[in-house]
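Protein chains: 2
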Amino acid sequence: MGWQIDTAQVEDLARGAALFGTGGGGDPYIGSLLARQALADGPVAVLDLSELPDDAHVLFVAMMGAPTVMVEKLPSLDEVIEPVRALGAHLGRPVTHIACAEVGGVNSTIPVAAAAALGLPLIDADGMGRAFPELQMVLPTLIGVTASPLALSDEKGNVAVLQTIDNSWTERIARVATVEMGCSTMIAGFSMTGAQARAGLVGGSLSRCITVGRAIADAREGKTDPVTAAVALLDGRELFDGKVVDVQRATTTGFARGRARIEGEGGTVLTLQFQNEHLVAEADGRILATTPDLIMVVEGETGEPVTTEGLRYGQRVRVLAAPADERWHCPEALAMVGPGYFGYDLPAHRFDGTVSTGAVSTGTVSGIAAAEEAK
Amino acid sequence: MGWQIDTAQVEDLARGAALFGTGGGGDPYIGSLLARQALADGPVAVLDLSELPDDAHVLFVAMMGAPTVMVEKLPSLDEVIEPVRALGAHLGRPVTHIACAEVGGVNSTIPVAAAAALGLPLIDADGMGRAFPELQMVLPTLIGVTASPLALSDEKGNVAVLQTIDNSWTERIARVATVEMGCSTMIAGFSMTGAQARAGLVGGSLSRCITVGRAIADAREGKTDPVTAAVALLDGRELFDGKVVDVQRATTTGFARGRARIEGEGGTVLTLQFQNEHLVAEADGRILATTPDLIMVVEGETGEPVTTEGLRYGQRVRVLAAPADERWHCPEALAMVGPGYFGYDLPAHRFDGTVSTGAVSTGTVSGIAAAEEAK
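Heads up: the protein sequence lines correspond to chains G and W, in order. Here the first sequence is numbered in UniProt numbering, starting from 1 and rising by one per residue. Here the second sequence is numbered in UniProt numbering, starting from 1 and rising by one per residue.
This list has only true hints and no planted wrong ones.
On the chain G side, residues computed to face chain W include the following (Cβ under 10 Å):
1) V159
2) I165
3) E180
Since the hints were derived computationally from the structure, they do not count as laboratory data. All of these numbers come straight from a predicted model, not from anything done at the bench. Each residue gets a CB set at the ideal place from its N, CA and C atoms; glycine is no exception.
Next up, chain G with everything else stripped away, as it sits in the complex (with noise of 0.2 Å):
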C-alpha cells in the first residue's frame, strides 16, 4: 500500500540507506539535511512497486561523483531537479514518478527532494538493493533498460543529454563530464515504463531502510545492542569486531577508492577493499565476503554506519555482511558487479563464505596481491 515519508522518517531512512549503501552512497547526514529542505512543504507520496500503473514514466534521480567532494558540494534543490527537467524536455513527455538507482546516504534522500520539489511520487524501491559504484550497474541494465538519454548537471549550471550504444559507455563519457565539472553532478536517466520498473528494480527498499534505521535508534534507546538489532533484520552476520588500524585512500577518476585494515583482539587483521562502496573483506588469508553481497561497517557502540570516506584511524568498528539481491548471482551480474571486474582475481563469495554461481576461477588472498600489486 502507498504511503507519505516525512521529515520525521528521514533520519532513519539516511541511516538504514547508509548501511545499505556498503560505504558509499554519500554521507548520511548531508543526504538527511537535503531531504529534510526538500520536506518542509509537506510529505511526498510512496507507491509500491505493484501500485505502479503500467505505462507510468519513471526516472532514476541521483548524484554521480566522488561521495568525499560531495560532501564539501550540498546540491540545492534547483540542481537535484534540474537533470530531471532537462530529459523531460528532451523526451518530449511527463516523468510520472522517480526512483532510487541505489540505497546509500545521500541516493536514498536525492530522489526524495526530487520528487517533493518536483511533486511527484517515490516509488518504494531502487536500482541495486545496496549501492555500487558505476552508473551501469543497476538490475535494469540486465533486464536492457537503457541508461540513456540520461541527462547530468552541475552546480554551475551546465547540463550535458547524453545518448550512448550501452550503459557501459554512458557511465564513462558521464564520468569524465563529472570529473571536469568538479567531481559531482546530479543525473536522471533509465526512463523506465512502470512494467519495467516492476521487473528490474528492486522493491521496498526505502521501507527497509527505515525500518532497519529505526531499529538501530530504538536498540540504542533501549540499551541493547544495535548491531545485533541490524543484523538480525538484514538476515546478514557480524564477519568482525576491531580497531581501524590503517587507512589508504584517494580520490581518482572521480572514484573513493582505498583500503581499511581492521586490527581485533588476539592480532587479527581484517582487510577491505572499496571503490566507493566495500567489495572485499578478507581476514587470515580468508575472503570473508565479496561484492555482489553486502559488507556493511558500523560504530561498534552506536550501530551508526560508518561511510567508505567517514573511515578514521582508531575507531571502533564492527563489520557486517548480508545477502545481495539474488538477481546479483546470476552470471551477466556477476560480470558486471562481481570481483573481477573491479580487478580481483576471485570469484564472488556469499557472505556465508561459499563461492557463488558464475565464479570465474579460484579465491586465495594472492588475488588481492597481484590487483594491489598491478594499481
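Position chain W relative to chain G; hints supplied.
Leaving out everything else, chain W in the frame of chain G:
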C-alpha cells in the same frame, strides 16, 4: 554571388585550407577524400555572407580532437551529419545553412561533406580565418554567440548534447568527452541567425582557400616559386627557410602539442611551438610572429602545406607568416587566443615583428623558456 563547389575544386580547397590552418585542422588529404566522396552525387551551393537571409539558421560542423588521431580514423558521411541531426532534433527547428568553424585541412572539407549529405547550402565564410585548437576560439564568441547547445558524436554511435554556461565550459566538457570517445568526434553547434553569422564570421574564406591552393599548384606547374605566389596572395612574408632538425610531439589531453626546430643556412635555428596549430615562431632570441597571426610551414620546393603532425626530421621547409583577421587583435580576443592563453609570457607579435595592441608584457625568449619549464 553564390557559386558551387564540386570535386574539381576540392584539392585546391584542401591545400589552401591546410595553409590557412597554420599546421592544424587535420590532414588535407583525409579532408579531400571525405569531400570528394560527399560531392560524388553533385556540387554543393555556396553563398556569400551578404546573401544570407536574416532568419537563416546556421550551424558550425567540425571535427574535434587531435588531428593526429583523425588520420587513422576517417569519419563516414553518416558520422559527419549525426551531430547536425541530433542538434536539429534538440533545437526543434531546421538548420538552413552549414558553415566552417575554422579553415584547416579537415575542418574546411567536413562542412562541405555535411552540406552535401544534408542537401544544404554552405556559407563562404568561417569562424576564425585560420585554425585554433579550442572550441570557444571563434570570432562569434566575441559577439556573444553561444557554442551550446552543442552536439558531439563518435563513430561508435554515442552522442552528447551540451548546454553550458559559457563557451569555455563547452570546450572543457566536450574535450574530456572527446578524449574518452576515442580522441576524435564530430561536432555541431554555435547555432546562429543569418544576422549573427554576417556579424561574426570571416567572409570569403572558402574562395580564398581555393584561390591560394590553386596559385600554389599553378606556380608549381609553371615552374615558378609556389611559396612566393602564396606569400603575395596572403599579404604575408617568408620568415625562414631551412631543414627540420628536431620535432618533439605528444598527443596529450586531446591535443597534438609540441615543438619543432628548423635549421637554416649559417646555423640559425627557428623554433616553432604548437598545440595543434603553430603558436610562436622565434629565432636568435627574437620573436618573429605569434598567435593570433598566422604561422605556416610549407615544403620548400612544392609549397605544399605541412601540418604539425606531418613535420618530420630532415624535411626542407619554409616558414611563412600572414596577418590574422584584425578582430583577433582586440584585447578580448588576445585574452582568448594570445600567447598568454597558451602559457607563453609574451605579448602578441604581429607577423611584421611589431607588438600587437592588448599586449600584456614585453616579449623575450625567456617567456618561452619559462613556459617550457612549466610543462
